[in-house]
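Visitor: Protein chains in written order, with my numbering: chain Y, -8 to 340; chain C, -8 to 340; chain V, -8 to 340; chain P, -8 to 340.
Since the hints were derived computationally from the structure, they do not count as laboratory data. None of these values were measured; they are calculated from a predicted model. Relax, there's no trap hidden among the hints.
On the chain C side, residues computed to face chain Y include the following (Cβ under 10 Å):
1. Trp(-1)
2. His3
3. Arg12
4. Tyr21
5. Gly48
6. Glu79
7. Gly82
8. Met86
9. Pro218
10. Ala224
11. Leu227
12. Lys230
Distance condition first, Cα-Cα at most 27 Å in a straight line; then the derived DSSO-like pairs of lysine-lysine:
13. P:Lys290 with P:Lys318
14. V:Lys63 with P:Lys63
15. C:Lys63 with P:Lys63
16. V:Lys63 with Y:Lys63
17. C:Lys63 with Y:Lys63
18. P:Lys63 with Y:Lys63
19. V:Lys63 with C:Lys63
20. V:Lys318 with V:Lys290
We treat Cβ as the ideally placed atom computed from N, Cα and C, and that holds for glycine.
Number of protein chains: 4
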Amino acid sequence: MFFASDNWAGAHPLIAESLLRSSGRYEIPYGEGEIDRRVERRLSELFERDVRVFLVGTGTAANALSLASQAKPASVIFCHPRAHVMHEGGGVELMTNGGKLVPVRTAGPGASKIDPAALETAVAPFLALDPSMGNMVAVTLSQATEAGTVYTVGEIAELCAIAHASGLKVHMDGARFSNAVAALGVTPAEMTWKAGIDILSLGGTKNGCWCAEAVVFFDPDDARAVPVLRKRAGHLFSKSSFISAQFDRWLADDLWLSLARHANQMGETLAAAVRASSSLRLAWETGSNQLFVVMSDEKAAALRAAGATFHDWPAPDDFRELGPDEKIRRLIACFATTAEDVDRLASYF
Amino acid sequence: MFFASDNWAGAHPLIAESLLRSSGRYEIPYGEGEIDRRVERRLSELFERDVRVFLVGTGTAANALSLASQAKPASVIFCHPRAHVMHEGGGVELMTNGGKLVPVRTAGPGASKIDPAALETAVAPFLALDPSMGNMVAVTLSQATEAGTVYTVGEIAELCAIAHASGLKVHMDGARFSNAVAALGVTPAEMTWKAGIDILSLGGTKNGCWCAEAVVFFDPDDARAVPVLRKRAGHLFSKSSFISAQFDRWLADDLWLSLARHANQMGETLAAAVRASSSLRLAWETGSNQLFVVMSDEKAAALRAAGATFHDWPAPDDFRELGPDEKIRRLIACFATTAEDVDRLASYF
Amino acid sequence: MFFASDNWAGAHPLIAESLLRSSGRYEIPYGEGEIDRRVERRLSELFERDVRVFLVGTGTAANALSLASQAKPASVIFCHPRAHVMHEGGGVELMTNGGKLVPVRTAGPGASKIDPAALETAVAPFLALDPSMGNMVAVTLSQATEAGTVYTVGEIAELCAIAHASGLKVHMDGARFSNAVAALGVTPAEMTWKAGIDILSLGGTKNGCWCAEAVVFFDPDDARAVPVLRKRAGHLFSKSSFISAQFDRWLADDLWLSLARHANQMGETLAAAVRASSSLRLAWETGSNQLFVVMSDEKAAALRAAGATFHDWPAPDDFRELGPDEKIRRLIACFATTAEDVDRLASYF
Amino acid sequence: MFFASDNWAGAHPLIAESLLRSSGRYEIPYGEGEIDRRVERRLSELFERDVRVFLVGTGTAANALSLASQAKPASVIFCHPRAHVMHEGGGVELMTNGGKLVPVRTAGPGASKIDPAALETAVAPFLALDPSMGNMVAVTLSQATEAGTVYTVGEIAELCAIAHASGLKVHMDGARFSNAVAALGVTPAEMTWKAGIDILSLGGTKNGCWCAEAVVFFDPDDARAVPVLRKRAGHLFSKSSFISAQFDRWLADDLWLSLARHANQMGETLAAAVRASSSLRLAWETGSNQLFVVMSDEKAAALRAAGATFHDWPAPDDFRELGPDEKIRRLIACFATTAEDVDRLASYF
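Whole structure, please, built from the sequences with the hints as guidance.
Guide: Spelled out as structure tokens, the structure:
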């Protein structure tokens, strides 16, 4: 019963087989092969717009390159205090040459969303262009968030409007992009550039691939620095078809969306079981494949003894509803989670 | 007829199938899974010594992390002027926080090997510890070299002795490590730590894998900074088993050595054909899977018209034996090169 | 009536004359001259301990070099949200190669001091040595603080004990070190290494010099990287006697302490006038040369019309005592402030 | 008898007195004061064009900021192998975030000038915009050179034309700018922007000031990144008037030019004495204040015993005219060198 994260499963069989089939082919290396170009075309179709795509192998690389593409000296980038970029070993700081991630307060407990009013307040002191403040360049938001919640399209648009008014680009960390699209029932275009997103880290790894992440630029002008940045950081794969073959199958037949819907559905089934339980409660509602459950130490021990894997989750500063021996536990479903495992786990609730 | 590089082929069928079989398993992520540990054990056996291993996806990452592990402020690293690290988009410079690669002259045309006397001369001005000179930290050498030549074990030991006498670590860029071992007929241990090598970039990608590179530390103390460095640079894969599964199979049954011997043999067959040709000649002898052939523009055009892919190669500064319409052309054989293709290419010589 | 900052005045006449007298001498450059060594000896006497000293020209340089001396990959440094290092154009981030300044909450409004309990909370998640968290290396505190307050020796010792227990070094940003010593009535040793401070930025510029800052290491082992770091950053002056001549006079006859006492006294005179005023009030008590005064816009305009220079000061997040047209205004006295100017300004209160 | 370098003397009396007089004034800090602006105006007059000026304290800072102003990811900067920037502790590498200095071969022994043909050859491989090559951004040349020689205006123009044709900016390291202007008998404008120079490090320190260097941009557009870069690197002085006061006097009455002419004249007197000596010879002719003299160890010991200070100088790789116990010794005259000292030294020749 694997609920520790959506990166413990291997790859979806269809993707693994696609990769096997591609293994015998010679391809022009370094992202210039036919399959690389096909993935870029498929993504342009998916986003209903010509996009510029850079395939990389990790989400940290995707996020760092996305933000480094906009770097100036002493870059300032606004994010949520719990954003994943805050805990990627300083990847953004490395690739932006010492940029600074400035945390922006959240709207309410659990939401893990940037509050628009707090963003406006955070941006204000940088508008005077005082050299001691550095150069603010971007806002990054996670969709779905690290707390499993999902920004509405309207919320994204509001943040983008504030950012653009101050000359900032907006990046979306879409490590769980598919889950968010599935949760909202909107199109990828509606959730990104139509709402104002400039750059997207599109994650395949947590949703059926082994290692397949794409940095997607909706305006090719924003991508000018990226070829050198990617090579420099060691993220230009020679046999790039290894990644593009994964994306190629992932994008075909809307496999990505089916897998995300499945993961979200498994999450919702679990959430319903939590709601029905007298000994557990949801720390907050999410609507995606991640659940945050208030659980006593005793109950957690029992579930683990039964074979379940999951992580404790540090409570947000402003979360006040924990009993003395309670903690928040994170349960994550993924493309490979089975209804059997979910039912079995729920039977212990 | 693909002779452009050893990174155009996909993966060897045995490796692709191994990966497919691993796809359905859950594994602890981030390099902590059972298969990750097994690869480390296998490498310790291969090198007849406990080694500390970090798996990454590209050779640029492996080289930059290897050298960054030894970084001090204003690091100085000695290398051959044609070393691959000199043309990796500044990867070493990025990950060493602005280190400097100092080229050391070569012994003779084509050899592309660091000259021991030149290394001693290059090191001398740094011994006074003048802050304006920075901190010299390492020498890096490529085995096989970028010119296809192979250092003898004695040559490696001589360079290592000079480096160690000045407090420098020695890194081996083993993007074509397997080919060098096969060419010399020595053991991996003899060609590395027994000769004085401290850190190795061990390449699987050019020899049968899709993307599988390992940074191997022969002294674990040298590796202390690497966990953070790797995460920071975005080179810690969550589903790290996709790299370890490739290495797992590559290392089994000495597959790596069989594939390298095959590639070298294909290279030698081609070299023999060049030697027998009246219109071609070898720019220098290599003994590995890379050939450097002096070829007229007319002949190159004819071969390409026949379907051969290969690259022109800028002549070394001290290479004086080119006729007016001649250039050096690089022909590379790899694990996937067939005897049929070699014979067919040779038939045009 | 100059109360805008303590960096508007030039140099004290005794220091300017000392510099003039030194102008005709030849000195060995780059910090190796006799006068450079004498300053190091004088500082060792002042701190009652052998110290290692690096003279630089700006406080930003002193702070960044102090913290860079302890840098590891992905350095994490704890500081107060309003610490000066947070607004030095990313100087610490540059010289630590992309380190991260992590703000630690304050004890109460206006204090601008790091809260010990908050420091313990902030440190905790880094103790697991998870690569995604980077390497925590230091705490930096400002003495006097940016809010004019002064840590007691006991408060410093408590923070140092917490830091040292987690393996962190403690740096003191002593841009206004002299004012703090004068305010507390303790010795420099008591306020620094005897309380646990490892590294000090000792500021002369705001207290009578033109540009004279010293990085003082109480343990020479902590200074090993600094010679290269300083040269690299362009902060090794060839004619270093220019700085050491300023310090030489500043340290003689306790000139530094006399000047700081004068500045503090001018501050206290002004504070008394504020306390006596019916239209003004102190935002908080400081006890040093910096005052923070709640003042209406009308009153501020009147004072400025009368020729006073001073800055508005953004209210701390948790400062709740401002009326609708009130703001906090910062008034700073310095070595050159005259009693006449203070009286004249107070006459408008 | 001080001939070791032009940075051992203090400051010229007129400059020291000017600084003393300025010490009592309050000035707006951070480069925004009246005297700061006056220096910018004086420099605009000197260069017959509106220039954008940034005052800093060291030549390393000036060079690094000049080149950092043009930085892109993986910047490549061409220079002479013996350029001062090659040995500034990695200052350029730091401030360009890991840029690479690529040495370009010299025209002939001793000249220490970049050879135009060699520059064209060096630039060529970067024109293809291959990400593995990085981004070439600038050429830097030293005027006068580190070997005391002086580029003619025509030579400068030729290098600038080659650079501009490839989209590169040209920076002049003018640590000894005054000496070069005095040697050539041209105007500052003719030797810089009229010949194609884009950015100048203008050095006052070696020619009468204590610490006064200016980064001069002939096109303000090139300077856009500099305010943040300078602050970030700790090179924005609060009491900036202490630098501008030095420049203010240095520029008045062409003091800078008089001092440089004096230094050059002292150099020429010494050179004449060398030419007349039977036991010494000039390694090469310079025409400026730096001499490079072939001298036996015995003679060098005798001169030092007589009280002369000077440095040995590593012979260029291609300098072949040294006897077995001979070395090149560098003798430098400066603004403070007296005719008496020159005559006394020459009496030992």
